[in-house]
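Residues per chain, in single letters:
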Amino acid sequence: MSNELTIHGESVVSHDVHIEHDVHHHHQSFITKYVFSQDHKMICKQFLITGIIWAIIGGLMSVVFRLQLGYPDSTFPWLEDILGKWAKGGKLTPEAYYALVTMHGTILVFFVLTGGLSGTFANFLIPLQIGARDMASPFLNMLSYWFFWMASVVMISSLFIETGPASGGWTVYPPLSALGDANLGSMSGMDFWIVGMALFVISALLGGLNYITTILNMRTKGMSMTRLPLTIWALLFTAILGVLSFPVLLSGLILLFFDRHFGTSFYLSDIFITSTQMALPNEGGSPVLFQHLFWFLGHPEVYIIILPAMGLVSEVMAINSRKPIFGYMAMVGSLFAITILAFLVWAHHMFVTGLNPFLGSVFVLLTLLIAVPSAIKVFNWLTTLWRGDLQFTPGMLFAIGFVSIFISGGLTGIFIGNSTLDIHLHDTYFMIAHFHLVMGVAAFFGMFCGVYHWFPKMFGRYMNNTMAYIHFWVTLAGAYLIFWPMHYEGLAGMPRRYMDYSGWSSFRQFGALNQFITDVAMVVFAVQLMFVFNFFYSIFKGRRVTSTNPWRANTLEWTTPIRPGHGNWPGEIPEVHRWAYDYGKDERDFIPQTEPLGSNEQHH
Amino acid sequence: MGYSPEIANVVDQNKKIHPHKFTLWVGIASIMMMFAGLTSAFLVKREQPGWTNFQVPVAFWYSTTVILISSLTMQLSLKSFRERSMIKYKKLIGVTACLGLVFMLLQFVGFRHLWINGMVLKGSGAAQFLYIIAGLHALHVLGGVIALLTLFVRSGNARIKSYNAVPVEVVSTYWHFVDILWIYLFIFFLWVQ
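Sequence lines, in order, name chains A and B.
Position one of the first sequence corresponds to residue 2 (the working numbering), numbered consecutively onward.
Position one of the second sequence corresponds to residue 10 (the working numbering), numbered consecutively onward.
Here chain B stands alone, though its shape is the one from the complex (with noise of 0.2 Å):
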């Protein structure tokens, strides 16, 4: 099977949004509602006595430093597809992938460094919040890793020839998006403290 002129047709016509995009973002409105609810408690509990503070790790700079630029090179991926350019999104999406690995490392990083400075699961304040919520985000990331992976193994497969641009472009929104959510948390971690 090819590329079949008349979906794109029918897409103009519509003017409607592919339904495997539309369903990303009502997923994405759903995620966000959760991190809501965990923030939200966040600031309930930040009044309650006995709340501890910590000191953001240096490594959580590095990590959204990563995630930036991860956000880049997918961005670039989705044009070389676009591009039909299969070599170089090939590249690409390996390397967001492993950007993707590198954050949630580092991400480990900064939590070693924080339960060395005995902030461990007992107790009760920022920190305990900061693993569950960081600790969500990052297995959201592991998710898109794991649909990057997917498109990089299914780009290497010579018997199929891919030319539909959905699932990139579903990736990439997703690959986004939690980008913009670790943003969101980060800042609001600098913030409340």
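Extracted from the complex, chain A is given alone in its bound form (with noise of 0.2 Å):
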């Protein structure tokens, strides 16, 4: 089997390593074991607390520009506690909220959303589920952990030097990111921006070149690909989006580290510096160049987030539902849809940067075309639900949150698509509301749901149900109460990034609007320390898990001791006989893969 064949051939490369199959029986030291520690499992949790620590960081930021935005007449004294000169007698600067802005961006995005998501769920999942003892390089794996881990350092360290952090957007838009002397952020904040990035890219390709082996090459026997779960599934086409994109961004970024410090012109041309009363000598470069450059990536990623997140809903709607999940195959084609069209469709983000109107619209027909695998993928989700025997466990309600997330934040998707419709909402509160449904709310949905569902695989111990009931609702009705008033705000034309609005007439009528939305963003940001208390206490202190299969799921992860070593399985590995979706047949509640079929059944 390939799985053994790693483990001999990596004993043949380094011969003074001695690997047993079951691993778990020879010593580990407290760093091999937890620090530098090359088990799936491991890295896996790594990843979730690393993603969480940054979730927090980044939310808590949110809260902080957020109260400026819903009292912009008031002072926050503790505020200067904090941040210092950043927020002098308690207000918030003008730099302070960009630099805000752009770091919850660049944090949520990439360091919870990408490495916390995906990195997580891709660890934890793949060799189980298909049948592996680990992946196909755990010291890549491992690498990938600690690349995301100096990421994490170098953007975080960017937070207290002296410039402040990178504040041109997240999408770090040249000339602004490109010229030191434009502002602060675009000081030293900026390269350990860069270079941050740079590191997480690398991360991001370690790890996808890892997840994409494992799934394609260490399949255990009888695990053909129509019979994985969905979750590899979207894993796998999640990690392809990965390797194919990130490196372009990587090109990206080189050029502009090249133009903030060796006077090159790729992104800047004919330009006057006021702070400086200086009109630079850089000719003929482009600011869209970079815009291409970084949106090749920019779209992509979007689907990097929202997939894991698909998969990981498919996966629990199923096991709780105890049906088969509706159109298995439909569902690997919108995820294979979806990735191809992922590259197809950047420049919607540029409708108006001087596009060709007639590139335009074709960028418009590709990206509605979207809305087609999205609208199968729905469909089948609402059908798997329909009359099923429910379970509404908290995975469950995460997994149906999303459902309705997803479809609310994926409508307005249509209007904006268009190129003529985005003239008038582009930059406005209106882009605000699509996007943190539809990729930021929706993908942590698909996250919790993950992290309820398979933590008493992760850690032997369940959460605590009441506080993930509460924790659920109020997150629930706070996405919708927080996010639904943008929609009119944005139709009107209120623009973003701005950190007052009282001085204009139009806009000044939204204030109360804007308090309320603050107030119910503490609310729900409360409500996630919660979650955050939930699940740390539970490792240690949550109900105890006493059987191997507490959710009566198909899936091999279950098949696993309740608190599996290294190699995952003490003996062989289990053998694959049919797909994982074999839920109510034959008036069995659950037929697990590993249960050879029987003489009235077909193949699948």
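Read the hints as simulated data drawn from the structure, not as lab findings.
If you're wondering where the values come from, they're calculated on a predicted model, not measured in any experiment.
With a cut-off of at most 25 Å between alpha-carbon atoms, the simulated BS3-like pairs for lysine-lysine come out as follows:
| # | chain 1 | residue 1 | chain 2 | residue 2 |
| --- | --- | --- | --- | --- |
| 1 | A | 46 | A | 542 |
| 2 | B | 99 | B | 88 |
| 3 | B | 30 | A | 222 |
| 4 | A | 222 | B | 25 |
| 5 | B | 25 | B | 88 |
| 6 | A | 42 | A | 222 |
Two independent chains are provided; combine them into the complex using the hints.
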């Protein structure tokens, strides 16, 4: 078996390392077990906990700038205590406001919803669900986490430098990002941002290489591609997207770095800086070139965020409906279609850059085409729920919530995917509402769904249900209360990236609404802290798992011991005989994948 | 530990490519995307005002020849490893690594030639792209040289007897890849003049 092959192959290469099949017998020091671990399950936990820490930081930033937006006339002396000169007299400075929104975007998009989401679940589920002892290369996998960690350290450090972190928006468009003199955040904060992101890209690539290879090469006997759980399909397409699009971002960032420090003119042309009263010699550069390179990653990136969530939701939904997933092949096909289209729609972020209107119309068509696979998926989720024996576990609630939020956020995508409507709606709160619902909140719902569902497998204990239900309902209601009103503000033309709207007679009317949004945001943030408490409390004090298969699920991870060691299965790796979705079949509640076909059954 | 025939059998039975080799192929796809991004940026930027061109320096013809020869020595060393002529294998690995270093040196000579002729980083045109694109390529060659030197050192260690061809095959595939990548870049730069 190819699993054995890797372990053998490894041992032939490195002779002094003695590798056993049931590795949990042999002694591991604290360092090799918890720090430089090569066990995919430990690396998963490292990604998850680092992601949680990032989510708290990024979420707190949004609370701070929401305070400014909701209460533009008030001062908060405690802000000065935390932020010092960035909040003189208890009021955010404009530089601090920009820095906060920029870092909020960067942290949530990359460090939480990419590193924290696919890093966690790809590491955890791929070997366990395909029947492998570990990743194709456990060493590269470990490096992937430690590059993520280094990227985190660099990004965190940028918050503490004198001139502050990057502040030109998470998309770091030049010329603002290319000229150190342009504003405070364009100084060393921007260099930290570039270096941090370069490390992040390396981490994403090392991880992605491993995920793809493991899925395609290390499946256990009988696990054909069409027997894979949908989680694995989703993680496979996510990894393919990452491996093919992150290098292009890296190219763009390298050119940006040269523009910043070595006088090249890739993105710069005909610029006069008022702060230094200087005309720059740069000529012939094009800031739109950066946007092309950035969005060639940036668009696939939103699918890198949402596909894992879709996979987790599909799996949890089938298990808790006690029904087969509806339209398995259609689900795989639509994931594939989304992956292809993800590479063909990037210019819809650039409709107002002076893009050729004919080219724009092509991108409108391709963008709206994404509605087809998305609608197929939504239809299949709803039909999976239809007349199912629904088990409302916390994971299931978040899965259903995901579908709700994904529909609400997805519908507005049809508005802004049209270049004509986008002329009015771009850079307004309508945009903010759209992408926060469809990829921000929806991806978080997918992540919560996954955490609640697989927590028993990760830690051998359950999370507290009461806290989980409070968490779900408050988050669901809160998400709609925060982002729904923003659609109206955006349709009225209220632009994003301003810290105070009271000077505008057209937008002053939204003062009370902004205050309401801020109040809800604080409540929702507090509830997320309760989730974090529940998470850490349950690791140590949660109710113990007593059976190996608490959710009565079919997939292979539930055939391992309650607390699996390195190598996952103490004996032989189980063989697979059927797909993952035989629920409620032939009068039986569920039939695990390891059970041979009966005489009355057909080959899947 | 020694040669385990069951590995070969397993590979035959499953007709599956070794995971490390597969990882390399996915990595190659990723590196190709990076250079595709850069060369597309080149083509877009060429249409902008103020674009300047350069003459491909002679040194690049020599470096191209050197990297082509190094692919040949790499292939020969893989062949001798498979035939278990370890001394020849070790020599050829060493030669390949040296040719890699010579290639990088020649690239540097080419850069210096352009630099002396006024193609510095300040400015806007093909030369600035060349420094970055060929520089990144040279970094990838450096990675290959380090891998080759690792194999070289390992083959010198009498304690470790290695019969597993996979690491040599992985390095060899990577080496041919950086060779082909340079040929592509070289033709690209000749063609866009």
